[in-house]
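Protein chains in written order, with my numbering: chain A, 1 to 409; chain B, 1 to 218.
No wet-lab data here; the hints were simulated from the structure.
Wrong hints could be hidden among the right ones.
[What the hints assert, rightly or not] Coverage of chain A stretches by chain B, computed from C-beta distances (three or more under 8 Å per stretch; other residues unrestricted):
id, region
1, 289 to 300
2, 370 to 382
[What the hints assert, rightly or not] Selected chain B positions facing chain A (Cβ under 7 Å, derived; list incomplete):
id, residue
3, M30
4, L94
5, D97
[What the hints assert, rightly or not] Beta-carbon label-pair distances, calculated as ranges:
id, chain 1, residue 1, chain 2, residue 2, range
6, A, A201, B, H164, 39 to 47 Å
7, A, A201, B, A217, 51 to 59 Å
8, A, T82, B, S110, 27 to 35 Å
9, B, S110, A, L263, 13 to 21 Å
10, B, A173, A, D181, 45 to 53 Å
11, A, R260, B, S110, 57 to 65 Å
Glycine included, C-beta positions come from ideal geometry on N, C-alpha and C.
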Amino acid sequence: MTATESRPPLTGDGTTSSPLDHSQRLVVPVAEPMPLDCGTPLAPIVIAYRTYGKLNADRSNAILICHALTGDQFVADRHPVTGKPGWWGHMIGPGRPIDTDRYFVICPNALGGCMGTTGPNSIDPATGAPYALDFPVITIGDMVRAQKLLVDALGIDQLFCVIGGSMGGMQVLQWAADYPDSVFGAIPIATSWRHTAQNIAFHEVGRQAIMSDPDWHEGNYDRFGVRPTRGLAIARMAAHVTYLSETALHRKFGRSLQDRKMLSFGFGADFQVESYLRHQGITFVDRFDANSYLYMTRAMDYFDLALGHGGRLTPVFLGTPTRFCIVSFTSDWLFPTSESRQIVHALNAVAANVSFVEIESDKGHDAFLLDEPEFLRVLHGFLDGLAEHRGLGPADTGPDPDSRAAGQP
Amino acid sequence: MTQGGVSDVVDAVSENGSPLRRDLALIAEMIPPGSRVLDIGCAEGDLLHHLWHDKHIDGRGIELSQAGVHACVSRGLSVIQGDADTDLIDYPDLSFDYAVLSQTLQATRSPRDVLDNLVRIGRHAIVSVPNFGYWRVRLALLFRGRMPVTPNLPFSWFDTPNIHLCTISDLTALCADMEIIIERSLIMFPRGVAKPMAPQWLANLLGEGAIFLLKKAR
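Please put together the full structure from these sequences, using the hints given.
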């Protein structure tokens, strides 16, 4: 059983000026440590989260959003550090595919994160200093277990839908596997049921970049008053390339030169694409913690839903009551369609209720974060159908005349 | 020729008010309420949508075209992007009451394997096919010496998706060969529908298409 420090408010209008105030975070007390997959119990646990919309009377309209590797809980409102709009602002809001006039949206910062939820930069009660590398290695399963504590504390027995892309999609699958009766619908997007060798390899490059930065200090940079920003920026640059596609990079930059008319015959950022990547790296370090990056990438590497089932995915979903909508993108080579198809095949083999859509896009893995009209339409339609199956009525207020009428005729 | 015994076309109307395609309406009639139905080649989901709202069936679909899948999912139907030739193998035996394949068998690479999977997955299979033995088709070939293009088979030889066309008699022969029981069959005529008349060659000559309710001899 979990308790809240003070009962968290069940509504959030997304306009709070300081979203990192403590109005929306759950504290699981030390007396109740949460078991972790590595064997070490963890306490205390703080889960920072944001909510949008209103929970209905029978608590049946809650949608949990699981963010990706470097995402956070600011899914639909301004980011307190960067000042940028929410990372899925076009997806969530009144009249949007995830309609806050209709659904109650919860987005927690994942365990191991660095935006308020317990992670390696949290204070270790045993030492009074940040955990750093003393923080236990966590898994996607641990992230989901922590989210379940939050959902329980909010008094929600069954989530209407769990939605997430990439690492978020892994959490969606883990939710459906671990708590099938608590998940009415599941939308795993651009993801896989286990992290591939190629993806582990990319993560290792990123981690080595961080760990070879002299300012990393075996993870204890906080004690030295520095941050391994160069290593983290390089990790981000390498990862960022994997989120795009050759077509997208070519369209955006081609071989165009940056602020110059000819090659410099040096190693400055001659090409626009170099300048762009450097910018991506530099801005990333302002909002992300290096140790967090190590732990989150590790959690993804360890993810393998078929582990413990003899490498077979089918038994994981045997008898699942959840309705799935699996989404992939044609140009995503990091989590290609073939990975999603394997999930679909496993779900078909247990006669589960599954939809599968491959969206045509040349924007690579990042497509799931972008305003891709076809993707938005499919998500909107699937949620409408899901609401009809769940017996949820149409939006409470401000019905959009263009949106499809849902609910039984 | 006689059209005696030909019933009027069933007037099923889909949810959006447009009439259900004739063979789909006939297929819908064969499916009892509450059944578990897999519609293979479900296009934009008209049959599934109709069955969901009218008969509260538990329906799934497989569709090759991205546009079709998007349309289905946007209508709240459970449909996967897939292929009758490759994706049926994943489904367990008897996982559905009815496995439906409407106007698709002739477009598969391996109709025999697809048929085998249909009666394996479903307690019953419903298959509708255009009849290449229809008299107008025969005449086109006989007199014009050209591959037939009819309202039912509107493609030219070079762009047709229909790579394995058959006649009604071909299909019944294949069923016999595969020990598949034909529980019921309906012949579609230009102006109506009837149970198959004896002898079969007449149905094979006059029918534009046919719908078969099949099951595996178990």
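Here is how each hint holds up against the structure:
With 0 residues having a beta carbon nearer than 8 Å to a beta carbon of chain B, the region 289 to 300 of chain A misses the requirement of three or more and the stated coverage is violated. Look at the region 370 to 382 of chain A against chain B: 6 of its residues bring a Cβ nearer than 8 Å to a Cβ of that chain, three or more, so the hint holds. For M30 (chain B), the suggested interface contact is broken, since its CB lies about 21 Å from the closest CB of chain A, more than 7 Å. Against a cut-off of 7 Å between C-beta atoms, the interface hint on L94 (chain B) is violated, since the closest Cβ of chain A lies about 10 Å away.
For D97 (chain B), the interface hint is violated, the least distance from its beta-carbon to any beta-carbon of chain A being 12 Å, above 7 Å. Restraint check, A201 (chain A) to H164 (chain B): a C-beta distance of roughly 44 Å satisfies the suggested window 39 to 47 Å. Range check, A201 (chain A) to A217 (chain B): about 53 Å between beta-carbon atoms, so the 51 to 59 Å window is met. The beta-carbon spacing between T82 (chain A) and S110 (chain B), approximately 55 Å, falls outside the hinted interval of 27 to 35 Å.
With their beta carbons about 56 Å apart, S110 (chain B) and L263 (chain A) fall outside the hinted range of 13 to 21 Å. One distance hint, 45 to 53 Å for the beta-carbon pair A173 (chain B) and D181 (chain A), holds here, with the actual separation near 50 Å. Restraint check, R260 (chain A) to S110 (chain B): a C-beta distance of roughly 59 Å satisfies the suggested window 57 to 65 Å.
In summary, the numbered hints that this structure violates are 1, 3, 4, 5, 8 and 9.
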